[in-house]
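Enquirer: Those protein sequences? They're chains A and B, same order as listed.
Be aware that the first sequence starts at 148, since it is given in our numbering, and climbs by one per residue.
Be aware that the second sequence starts at 4, since it is given in our numbering, and climbs by one per residue.
Please keep in mind that the hints were generated in silico from the structure rather than gathered at the bench.
In this text, a Cβ means the ideal position worked out from N, Cα and C, and glycines have one as well.
Please note: incorrect hints may appear among the correct ones.
Claimed, not checked - Heads up, simulated DSS-like pairs for lysine-lysine below, C-alpha to C-alpha not over 30 angstroms straight-line:
1. B:Lys-133 x A:Lys-365
2. A:Lys-542 x A:Lys-463
3. A:Lys-442 x A:Lys-463
4. B:Lys-133 x B:Lys-123
5. A:Lys-542 x A:Lys-1132
6. B:Lys-59 x B:Lys-123
7. B:Lys-133 x B:Lys-59
8. A:Lys-316 x A:Lys-365
9. A:Lys-542 x A:Lys-272
10. A:Lys-442 x A:Lys-272
11. A:Lys-542 x B:Lys-133
12. B:Lys-59 x A:Lys-272
13. B:Lys-59 x A:Lys-199
14. A:Lys-365 x A:Lys-442
15. B:Lys-123 x A:Lys-433
To be verified - The calculated label-pair distances, taken between Cβ atoms and stated as ranges, are:
16. A:Val-741 x B:Leu-135: 50 to 60 angstroms
17. A:Asn-653 x B:Leu-135: 28 to 38 angstroms
18. B:Leu-135 x A:Ser-1017: 28 to 38 angstroms
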Amino acid sequence: MVPEAYLKRSVLVAGGGVAGMHASLILADAGVQVYLVDSSPTVGGLWSLLDKTFPTHSCGVCHMSPRNPAYCPVIEIERHPRITLMVNSSVTEVSGDIGDFRVRVTTRPEFVRRYLCDGCGECEKVCPVEVSVPSYLGLSDRRAIYRPGHRAVPGGFVLDEAACTRCGKCAEACPRGAIDLLAEDTRTDLDVGAIIVCPGMTMCDPRVRPEYSYDPSKNVITGLEFERIVSASGPTGGRLLRPGDGARPGRIAFIQCVGSRDRSRANPYCSSVCCMYAIKEAIIAKTLVPDARVKVFYMDVRALGKGYEEYYARAKSLGVEFENCRVSGIEERDGALEVCAESDGTVRREGFDLVVLSNGLTPSRDLGALSAALGVERDEFGFIRLLSQGRSRVKTSRPGIYVCGGASGPQDIPTAIMWSGACALQALRAVGPEADGDEWPALQVDTEGPATQPHQHENVALGSSAALSGPALTLAPTPAAGQEEPRIGVFVCRCESSMGGLDPGNLAGAVSAKTMDDVVIVGEVPAMCRREGLEALAREVASHNINRVVAAACSPRNVQSFIEAGLSEVGVARGMLEIANVREQCGWVHDDPVEATRKACDLVAMAVAGVRLARPLAEHARAIPAGAVVIGGGPAGMQAAASLADLGHDVHLVEKGSVLGGRARLLARTLDGTDVHEVLEKLEERVRQDSHITIHTSSRVASVSRKDGGFRLSIVRDHSGADHSGADGSPGDPGPACCGGERVEIDCGAVVVATGGVEASSPAYLASPDGVRILTQTELEARLWPSCDIPGGVQSVVMIQCAGSRDEARPYCSQVCCSHAIKNAIRLKAERPDIEVYVLHHDIRVPGLSEVFYERAREMGVVFVRHPESARPRVVQDAHNLGGGRLAVEVRDEVLGETIIVPADLVVLSTGTEGAADRELAMALGVPVDNHGFFTEANAKVQPVDFLAPGVYVCGLARAPGFLTDALISAQAAAARAGVYLAAKEARTTANVSYVRARRCAGCGVCVDVCPYGARSIDEEARLAVVDEYLCRGCGACQAACPSGAASHAGFESERITSALDVALG
Amino acid sequence: MGSGEEFEPKIVAFLCNWCTYTGADLAGVSRIQYPPNVRPIRVMCSGSVDPMYILKALLDGADGVLVGGCHPGDCHYVSGNYKARRRLAVLSAILDEFGIDSRRVWFRFISASEGALFAKTVRDMRDALKALGPNPARALWIA
């Protein structure tokens, strides 16, 4: 269901990488028209060059789409009726203001006209120009006219403008006249309400460190080149071979921080992603060449993300070696590479066969021109400057322009996904939720070259379906449907493009010659992906009184829904169509006409056998109740409530404490100097003043149940009479029973979990004989702001990092403690330069641009002492006569290789964050919790704020440890998802839900166990399985598991499959 | 098929809608040729493939059965590909008991972007089945 609220609104997304695709899909599903502009010939960005992603070791990006399940996002983008893809294009001019921008997009010449190219490849065969593919290291080459990649969207061929000699052979060879070598730039003016900027990042040039021999040596490669080599679709078919000589490398080194954290030569900041991609590649290397020696040379391993530390531990357990040092050079001698590493003040040389440079990220090379066109400011590193370091960090200096996905600083994929969710939210706010009845802004095309057709949705030749927003579906079949005698019509599509080895006329003839039960007519129709073809089909169906149809055509992915919608107009029920895919899976892959026709005939016969047994598919809809409940009144909860209210939804904000603000109240500043109290005060003011928000403090959720497509929450107030201050206290507010009442029932359509985390307790091994001089970082912070309150006698402060994190009990990294310590250390040094500050650590983990604060702390004289992971510091008392009753900390200095004793007037423990998920609440909502007490999102990589259960979202510390910014961004991302879900106002079942054949069901419950969505349960009274068809997503696992044939998968019933099998093998 | 001079194996392929079926489409879009021995059946998820289908196919004369699903971690229904893998592991043990060579059943992870891999899998499978020779199960079954 498309929310009507945002129809007739439009947003431009500049950049088609992960962030841009994600924002586009959210907005388009919300009803917004999206113009997705990318400077390259295809969408996908850097992500499309990756082989696998960590920590899941899958591609997994298909899970990104708001619709679930979905195809790969690049396919979804191509298919989406409200996304107009503009590749080879750049934003060149922007005028107007938020809500009403006019954007000029310049598109480079389209030499191969996409709507004509059907990808037959004749052009490539005649092209005389060979080009080596840069990302394949010369291991692979292509022609000047080429197909950009296996999953390239848009599909079809493109011309390498620089390499092409304009010989014209391709234009002559093209059977469809798609090639125009004289094409020119086109310019398109678009009216949009908001702009999202996400051009991604560019990999840093590894030659900034010439001593690493990237240039002369073919066996020194970058991380991205490594990804291409090991990719199954890469030049070696997934084998790990040295580019220099094709040999299998036995010793592989990874060199970290190439071009990052390197103020003298390249970027001073940390690129945030290289440690993790190197660990992933090291694991892949170890998997592909198990006996190889794999070693990572690093400065700090920055495993900053959910599950990353555990992933790092996994690499170590697989035998990947890690050495903390700085590599001073790499020399190639007789095919072997010598890595010179400095540590303990000595230089060692070690031989390797392959060296992978983990080069960092720099601002996208498009960003300069783009930011100039957009009129937004950039920072000293060249990233887009954010408006404020406070609450809504995705805003740029120009209202209505938002930024995500590495345009404002390095981001990994989950972070980019959350930021793009937040951008989508801000864009929805900017375009406004109220429909005003205006027509779509007319597209202005400046025709210097041929007119572009950004609304081109007719071309289905390459799988871009026309079908998508076809006529409304008949929701329920007529009672008679499926009961009548089968009258089957078989129609062969006279495809617009060639079907390769298959001739549609021959196929129709061959099918007619076959006897098949209940087939009334075999005919040919014009291309069914077009209105004319569909009308011809409808006429045939009506005149022969057909009630079941087999279409021998292209892939059902292209045309199924389009034909189905057309057939419903002439009374053929949904589900009574079967497509025989005789193009993609037959004619296009079998050149031999005899073989192709024989196989196509079989495919048609199998489809006939299936459709004979088809039952009409019913699709049901039910309303989603209005309103949301946000559980948790910390910054994430307040932000989620405010953002949902911004989208026009009523929100109940439930906080168990008596005041709002959560754990963040204990903080004074963030590392970048943002005043946390000010952020919290503004947020609190915001939620208290919003008439959409009702606040329940001192309240907890006593129970949750699913009810009428939504949730019923029972809220219990612990002390009566406290703090109910929704809106202005007007009596018309929802939740009249709040005041003074003990228990309130709230019905809502969506729940956002923002229940936060807790500060971890310090481990016993650090316990001191005296509790006074040992503080946590939070306690120290309270003494540093607003004024510095450290006793004059304090001369030495020792901070111990990972106090209780990254150990056996709590194997994860709490992410924030390093920054917390650096922030407090800088403050201490600034206020009391006489104090010595020591930070004992085994990796300083500050993300991205925060590296500058780490630098500043060192410049100010903070002493960072690195100790081995296995040798944790110990707090001792007066061991070396350091003065009466003074504490000291014993630590093994990894650089010196010695144990040292550091005197300490104050010991500060960086204790980290612990999950505090309420397991009962989780159970009631049907969402999982991990071993550490954090909620487990649907997909750690690309669905960080969703659960599998529809209508439930998560943000802030409830999901994972993180910074205040992370909490606020994730809250906006969750609000965007929840807001769009609620705006749809109704939920629909998927077509292929499962159902129960009651007579066969014994109520054994096997199906309940296999269902991944909790859609099945046992009705204890009837001893029967029942299906909640709104939770069922139609995977069919129950049907495969059911021992008695009771569980049935609509459209894929086992009798249909077996009868198709009979035909195939007959 | 199969009646010519040279034995050509019959392969039935159960392909998951989101990954392998889409990958097979991509082989088409990329015009990657492969032998026409395969008869694809689209299913929503490899986890919905009942081992009975495979058994039936083999007893009814298929020389090989291919089940194609999403890569580990990529299943569009959380864990269907793992379910399929476990089921097929059990089935393989049973097949050998039946006197059917379990090498006739292949389970492969093929993603939507691996059109070339799909084509290669069909080629490899045809070659492997040719080496194994015709499936004797049908004859046994009829007898």
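Enquirer: Each hint: holds or not?
Expert: Hint check:
1. Between Lys-133 of chain B and Lys-365 of chain A the CA atoms are separated by roughly 41 angstroms; this puts the pair beyond 30 angstroms, and the hint is violated.
2. Straight-line distance between C-alpha atoms of Lys-542 of chain A and Lys-463 of chain A comes to about 40 angstroms, which puts the hinted pair past the 30 angstroms bound.
3. Straight-line distance between C-alpha atoms of Lys-442 of chain A and Lys-463 of chain A comes to about 10 angstroms, which keeps the hinted pair within the 30 angstroms bound.
4. With a C-alpha separation of about 15 angstroms, the suggested pair Lys-133 of chain B and Lys-123 of chain B falls inside the 30 angstroms cut-off, and the hint holds.
5. Between Lys-542 of chain A and Lys-1132 of chain A the alpha-carbon distance is near 29 angstroms, which keeps this suggested pair within the 30 angstroms criterion.
6. Between Lys-59 of chain B and Lys-123 of chain B the CA atoms are separated by roughly 26 angstroms; this keeps the pair inside 30 angstroms, and the hint holds.
7. Between Lys-133 of chain B and Lys-59 of chain B the alpha-carbon distance is near 21 angstroms, which keeps this suggested pair within the 30 angstroms criterion.
8. At roughly 35 angstroms between alpha-carbon atoms, Lys-316 of chain A and Lys-365 of chain A are farther apart than 30 angstroms, so this suggested pair is violated.
9. For the given pair, Lys-542 of chain A sits about 49 angstroms from Lys-272 of chain A by alpha-carbon distance, which is inconsistent with the 30 angstroms threshold.
10. Between Lys-442 of chain A and Lys-272 of chain A the alpha-carbon distance is near 44 angstroms, which puts this suggested pair outside the 30 angstroms criterion.
11. Restraint check for Lys-542 of chain A and Lys-133 of chain B: not satisfied, since their Cα atoms lie roughly 63 angstroms apart, outside the 30 angstroms limit.
12. A threshold of 30 angstroms between alpha carbons decides the hint, and for Lys-59 of chain B with Lys-272 of chain A the separation of about 44 angstroms lies outside it, so the pair is violated.
13. Taken as a hint, the Lys-59 of chain B and Lys-199 of chain A pair is broken in the structure, with Cα atoms around 36 angstroms apart against an allowance of 30 angstroms.
14. A hinted pair counts as satisfied when its Cα atoms are at most 30 angstroms apart, and Lys-365 of chain A with Lys-442 of chain A qualifies at roughly 19 angstroms.
15. The hinted pair formed by Lys-123 of chain B and Lys-433 of chain A meets the criterion: a straight-line CA distance of about 25 angstroms does not exceed 30 angstroms.
16. The hint said 50 to 60 angstroms for the Cβ distance between Val-741 of chain A and Leu-135 of chain B, and at roughly 26 angstroms that hint is violated.
17. About 33 angstroms separates the C-beta atoms of Asn-653 of chain A and Leu-135 of chain B, a value consistent with the hinted range of 28 to 38 angstroms.
18. Taking 28 to 38 angstroms as the suggested C-beta distance range, the pair Leu-135 of chain B and Ser-1017 of chain A does not conform, at roughly 53 angstroms.
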